[in-house]
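Chains as they are written, first to last, in the working numbering: chain A, 1 to 736; chain B, 1 to 328; chain C, 1 to 204.
One thing to keep in mind: the hints can contain errors.
Unchecked claim - Chain B stretches covered by chain A per the calculated footprint, using a threshold of three residues with CB under 8 Å from any CB of chain A:
(1) 51–60
(2) 309–317
Unchecked claim - Some but not every residue of chain C turned toward chain B, in silico, with C-beta under 10 Å:
(3) Val-50
(4) Lys-53
(5) Asn-57
(6) Gly-58
(7) His-61
(8) Thr-62
(9) Glu-66
(10) Asp-89
(11) Leu-111
(12) Thr-114
(13) Gly-153
Said to hold, decoys possible - Pairs of lysine-lysine residues, derived as DSS-like cross-links and limited to a Cα-Cα distance of at most 25 Å, are as follows:
(14) A/Lys-631 to C/Lys-49
(15) B/Lys-2 to A/Lys-723
(16) A/Lys-424 to B/Lys-310
(17) C/Lys-141 to A/Lys-631
(18) B/Lys-2 to C/Lys-128
(19) C/Lys-198 to A/Lys-26
(20) C/Lys-49 to B/Lys-21
Calculated directly from the structure, the hints in this document are not laboratory data. Bear in mind the structure is a predicted one, so any value in this text is a computation, not a measurement. We put the CB at the ideal spot given by N, CA and C, even for glycine.
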Amino acid sequence: MKNKDERIGGRMSRVDAQLKVTGAAKYFAEFEVPNLVYGVLVPSTITKGTIKSLDTKKAESAPGVLAVLSYLNAPKTPAYQTDEPSKTSSGRGPGMKAFHDNKVYFNGQPIAMVVANTFERATYAASLVTAQYEKSSHQTELKSNLDKGITPKSKSLQDYQRGKKDAYQTAPVKIEAEYIQPTEVHNPMELHGILAQWEGPDKITVYAKTQGVKMTQQVIADTFKIPKENVSVHSQFVGGAFGMSLRVWPHEIATILAAQKVQRPVKLVITRDQMFTIAGYRPHTHQKVGIGANKDGKFVGISHWANVQNSNYEEFTEATVGMTRFLYRSPNVNTTYRVVPLDICTPIPMRGPGEATGAFALESAIDELSYALNMDPIDLRMKNYPEKDPEQDLPWSSNHVREAYQLGADKIGWSNRPKEPRSKKENGMWIGYGMATGTFGAHRREATARAQLKADGTLLIQSAASDIGPGTGTAMVQIAAEVMGMPADQIKFELGETAFPYAPIQGGSATVASVGSAVHEACMALRQQLVELSGNALKKAKVDTLVYEEGRVRSPTDRSASIAYTEILKRNNLPMLEVTKEAKPGEEGKKFAMYSFSVHFVKVHVHPTTGVVRVKHAVAVADAGTIVNHKTASSQMMGGAVGGIGMALQEEAVIDHRYGRYINNDLANYHVPVNADIPDIDVLFVDKKDPYINPMGAKGLGEIAIIGMAPAIANAVYNATGKRIRELPITPDKLI
Amino acid sequence: MKAFQYVRANTAKSALEALAKDPSAQFIAGGTNLVDLMKRGVTAPDKLIDISRLPLNKIEKVANGVRIGAMSLNSQVADDKLILEKWPLLAQALNAGASAQLRNKATVGGNMLQRTRCGYFYDTEMPCNKRQPGTGCGAKEGYNRMHAIFGTSEHCIAVHPSDMCVALVALDAAVVVQGPKGERTIPFTEFHRLPGDRPEKDNTLGKDELIVAVTLPDSPYTQHAHYLKVRDRASYAFALVSVAAALELEGKTIKSARLAMGGVAHKPWRLQEVEKALVGKTVSEATFQQAAQQAMAGARAFEYNAFKLKLAPNTIVEALKMAAGLTA
Amino acid sequence: MKTSKKTIENEARRDFLKQSSVLSALVLSPEKAIKDPNWDEKIAAPFEKVPLKLEINGVKHTLNVEPRTTLLDLLREQLHLTGTKKGCDYGQCGACTVHSDGQRINSCLTLAVTEEGKKITTIEGLAKGDTLHPMQEAFVKHDGFQCGYCTPGQIMSAVACIREGHANSEDEIREYMSGNICRCGAYPNIVDAIMDVKKGGQTV
């Protein structure tokens, strides 16, 4: 019997659930490797300058210490022997060269690594390393350096203009406001790090916390100038990442250097405070939005400016102003994006990168405009719905955002929303409703899957994909089960190994579209081969009319004309049938504008005198094409909404600019949501197949899960209190 | 973390003897704060004397009150039937602090002795007079959103982070300490101190002393008491401002009151003058507003914590209303 | 200079021995090592470990640990029980939650030596053979996790939450589970899982 939960659109439990609930799932730091030693980083204590001298003697003579690695004695990294910043592997390599010279670019930058035979000894010895510096004056504050913003090199973030510049200013009704997004830190629960073991002079194995084993492999191979196939990367389980593991960080290279130096495997697990300083963040961003409309609500123009925190040693950009160009029909749009180089670590995409920040500004401004127009904010958005993508002038591959508005409005009880802000109380609390839209490109990249149908009837599929939490393996098993007509427990999907065929990074919500397509194609090819090997009975029927069920292929008309896959293998004396298929996007991206959409609705309570905000109910609606697994997809949307609650109400990494040091870099002082912060969250899917994007019709989900949640909350807070908070997070002090 | 010697004491006497022999040693009970501080290099004792197994973990009804052993766990006190019945304010405050796991380890004595959570105190690269006297106060002109508005000095503006202590100070608790010369009792109001020019000294416990118990007198504050904690998230966060409010009512008239604040000073901030002024008044929003204004006398804010000048009185009013049952 | 420093250290160690015998009779290093005049820090260090008896998941362990080793690092790095996770190492996330004599605690803020004689249960000790604990089953059913890293801590905490009697309503569960951070945001599913087990009435 076919179990619908095991097929595309089902609610199958995760294939790796058992490993995760028993503690048997092994994350990078948990592999037992003989002779393992521990690396601990020594961070710089100044923000900018040079190291004059480094005293490592005490540390070197401390018990158990094998080496203290620094620019003074680290093995030379072949790719770093020029003065150019590291440009390995198309921006996924570490922008800063680990232990290369005595320059300090930001506070907390690793300047040495102590390697010792126990974690405790390495940690203590690291505290004994001292440095003398030549300090230079530093700049870490965005606000006072806005005038130093520069146009990035990135092609997609050049100044954009459609129609007239700043046309909003001429509109009968207009809003112009500034919105501030503080620095946010990914803070996945698993600490970052790496375990590195040289197997020979040009051969290495690493256990990594990465969003792409092939990416990590490429970077290491390029950095050490060794053949790619000599670099093995293992990363089956990743304890969350949210973007922070989309590149190889300098401390990973440092660990590999340390392993080379001591000729033993070295494990580095960075500390929670180092998660703030050396592993990226969502950049602090000052934005301005100008938006103008006619009295009937039709947009006249939108202008969007963003000034984005960046490091001083490489360029980072994200699509902060991107959605402003296409989410609404407006004849006049202009966007400006500037990066502000500061003496801090480089940012890295954090869930819903750029768009989440940009949506806070754009979707708040639209809400503000709706009050100025005295129009319902959903009606205002509906009124400006673009029938096609106004930026690329292309039809949507699919766009059901209007249906999403309706679904969400019904679920949250939008009709209960007070028309006037600060007009309705419930149990002594101001109540408010808010909503906002999110969007993110529906991407697809090249990926390859290998499928092996074995004589015992089981199917093994392998691809070097990642799973940072969404449930990649589960979705892949369902896709294979659907195509092959096999029960899920006969199918195994393996990922996270460089030995497997190529898969792209898990970033930008593209794994199901990319790897799923490869799995789909590999299984289709397998079916084709089975039919060819099946003998005459089935050959008469057209391949695409055959039915594949219960591990058998049969004629659509004659039930008795069927044959088990195992029988086909047996008759052909085959121990296994194997296919490897590469799947690539076609020309669809040139013909269609492809985006996922989300709409978030929230109801909040705000305490009138303490300013405490509680989200009482949240509804997340996704237009993400076919939903492969409703259970895991729902969790993913829920998780994004939780992240959005953190973004809206709690998260802010604060630097004391006098010292250039973070002042709240731990989980007690940088607040992420806890269980008590989270209400019931209803997740709804439009669940309509995108006809063009890939064989499953699935668009991405990971990013849109958070994009729009923060402005939905900010808009609800305004509805509840009449106070428009334009600087996140919305903490009690801002509302009293 | 530096290597250290570890000894386990079985009696209070042997613990004190061990301390006397080695004044640089520190006691460890639950360790939920000490181990954290040792990991970050804020403190680095050469020796730890484990006092967690001292027979001081009883919660006993005594004449006119209760005696809570210093080694009683925070969770044990919060779930104790006698405490829940007679001193619910204390249970409520305890449950507002930390997490269930931490409360299962943290002791009553340790909670009282926990250090400030000021970021400048925790970061050994930053100036902090409390951690390293003479280095200056990083918070005063730094990021001081969480900091004190009462009783600050030019040397320190840190706050005491405990919730439990706010309830204890309101409920007229006393601290029983044992030293080489025997036991003495310190009124809770005098246990913690203001920073003055010695911010490194959090309290009046002698260096050679050990907290053995906290006592609470019988109180009339079983019906009308509330601990209100305002924080940046719904749980597992330190207070921006917290208020322990307790009222003894006769009809609508206040017979007596107890009021204390957390998150506003270097010590749990008892408001005795306000309590006196409340006596004889009728419970009402106006009465509580007046009390809140009175409570704010002498408050002084810094760059990032000016909101507390408004949040604190608002929280007092709210807590009193909840204690009195006046909420909407 | 160097020799005199060593002498002082040796004395300090003997003093420590003496004291510990007064206190709770902690056994220390072999006499031979201590008397060795060439005893330097590198040799001494292994002997600075103290004996420790623990029962972990029903198995009795006789160990020697440095006093500064946390229960978390002992479990993960020495006993290879890596189901217990390190999320922050400062008692701020709950990923390291284990049961000590049945009570949930943060193993990262617990020095292993302070657990002498106690019974520790980790996630590896929760299932009975191949049969998952009802809470593990419920987490699978309700998808109470995504990346899975906080999950062992969540499950250990959830079991304790019911045992303590703090799982009587969704709100109570939310509050008493707030010491376990899940950055993937699985909280609503975690609450559902715990409610399910609580309502099911199975012994946890």
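Within a Cα-Cα threshold of 25 Å, do A/Lys-424 and B/Lys-310 meet the stated pairing? Status holds; Cα separation ~23 Å.
Examine the segment 51–60 of chain B: at least three residues should have C-beta closer than 8 Å to a C-beta of chain A. violated (count 0)
Can we keep the C/Leu-111 interface hint, with Cβ of chain B closer than 10 Å? Holds. Min distance 6 Å.
Should the interface hint for C/His-61 be scored as holding, given a Cβ-Cβ cut-off of 10 Å against chain B? Cβ of C/His-61 sits 18 Å from chain B, so the hint is violated.
Against chain B, is C/Glu-66 within 10 Å by beta-carbon distance? At about 6 Å, which falls below the 10 Å cut-off, the nearest Cβ of chain B leaves the hint on C/Glu-66 intact, so it holds.
Holds or violated: the hint that C/Val-50 contacts chain B, with Cβ atoms closer than 10 Å. Cβ of C/Val-50 sits 6 Å from chain B, so the hint holds.
Next pair to validate is C/Lys-49 with B/Lys-21; report whether the Cα-Cα distance is within 25 Å. Holds, because 22 Å separates the two Cα atoms, which is no more than 25 Å.
Quick check on C/Asp-89 please, does its C-beta sit within 10 Å of some C-beta on chain B? Status holds, d = 7 Å.
Could you grab the alpha-carbon distance between B/Lys-2 and C/Lys-128 and see if it respects the 25 Å cut-off? The given pair, whose Cα atoms are some 40 Å apart, is violated under the 25 Å limit.
Take the shortest C-beta to C-beta distance between C/Gly-153 and chain B; is it under 10 Å? Given a least distance of 9 Å, the restraint on C/Gly-153 holds.
Tell me if the straight-line CA distance from A/Lys-631 to C/Lys-49 falls inside 25 Å. 49 Å, violated
Is it true that the CA of C/Lys-198 sits at most 25 Å from the CA of A/Lys-26? 29 Å, violated
Checked against the numbered hints given earlier, this structure breaks hints 1, 4, 5, 6, 7, 8, 14, 15, 18 and 19; the rest are met.
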